[in-house]
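> Sequence:
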Amino acid sequence: MKVQLVSTWMLGLALANAQVYQPLGGILDRDGNPANMERVSELRSRTVQHDFSDETVEQRDTRRERADAVKKGFIYAWDGYKKYAYGADELDVLKKKPKTTRNGWGATLVDALDTIHIMGLDD
11 MKVQLVSTWM
21 LGLALANAQV
31 YQPLGGILDR
41 DGNPANMERV
51 SELRSRTVQH
61 DFSDETVEQR
71 DTRRERADAV
81 KKGFIYAWDG
91 YKKYAYGADE
101 LDVLKKKPKT
111 TRNGWGATLV
121 DALDTIHIMG
131 LDD
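In short: position in the sequence shown from 1, add 10, done, that's this note's numbering.
Because the hints were derived from the structure by calculation, they are not lab data.
Since we're looking at a predicted model, the values are computed, not measured.
Ideal Cβ placement from N, Cα and C applies to all residues, glycine included.
Be aware that one or more of the hints could be misleading.
Stated by the list, open to error - DSSO-like cross-link-like pairs, simulated, lysine-lysine; straight-line CA separation at most 27 Å: (1) 82 to 109; (2) 92 to 82; (3) 107 to 82.
Stated by the list, open to error - Now the in silico label distances, taken between C-beta atoms and shown as ranges: (4) 38 to 75: 43 to 51 Å; (5) 97 to 130: 48 to 56 Å; (6) 107 to 85: 16 to 24 Å; (7) 129 to 106: 23 to 31 Å.
Whenever a hint applies, use it, and build me the whole structure from the sequences.
Right, here's the structure in full:
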């Protein structure tokens with residue numbers, strides 16, 4: 011396989027002289043043809059978020075119980091990490107020893123920050 015080197019000056023010159031076709035609105039389909047704007051409008055009007063219906067008292071209580079169970083499980087795991095491997099990438103749970111598997115930058119600590127914040131465990 012041959013590799014050709016092109017200077018940045020030549021590349022800039024080629025890009026400056028290039029003719030680019032942009033359809034009205036500038037949207038192309040996967041094949042590079044002007045996109046069907048009716049379809050684009052339809053797709054843009056869709057929402058990603060699910061429309062949650064009102065929940066019953068029993069459903070609310072079940073949801074809260076499950077959320078509390080997840081929170082307790084996280085706190086249990088976090089306490090073990092803090093006690094045996096704080097600052098390390100991982101905790102070897104069988105040996106109760108820290109493990110360095112990601113060059114020692116504290117992967118578990120960094121990865122857990124958003125979960126800690128979402129669960130309201132900021133202290």
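> Work down the list of hints and note, for each, if the structure agrees.
Hint by hint, here is what the structure shows:
1. 82 to 109: holds (24 Å)
2. 92 to 82: holds (15 Å)
3. 107 to 82: Distance ~22 Å between residue 107 and residue 82 Cα, so the pair holds.
4. 38 to 75: 43 to 51 Å: Holds, since residue 38 and residue 75 (Cβ atoms, about 50 Å apart) stay within the stated range.
5. 97 to 130: 48 to 56 Å: Between residue 97 and residue 130, where Cβ atoms are some 23 Å apart, the hint is violated.
6. 107 to 85: 16 to 24 Å: Holds, at about 21 Å.
7. 129 to 106: 23 to 31 Å: Between residue 129 and residue 106, where Cβ atoms are some 24 Å apart, the hint holds.
Checked against the numbered hints above, the structure violates only hint 5.
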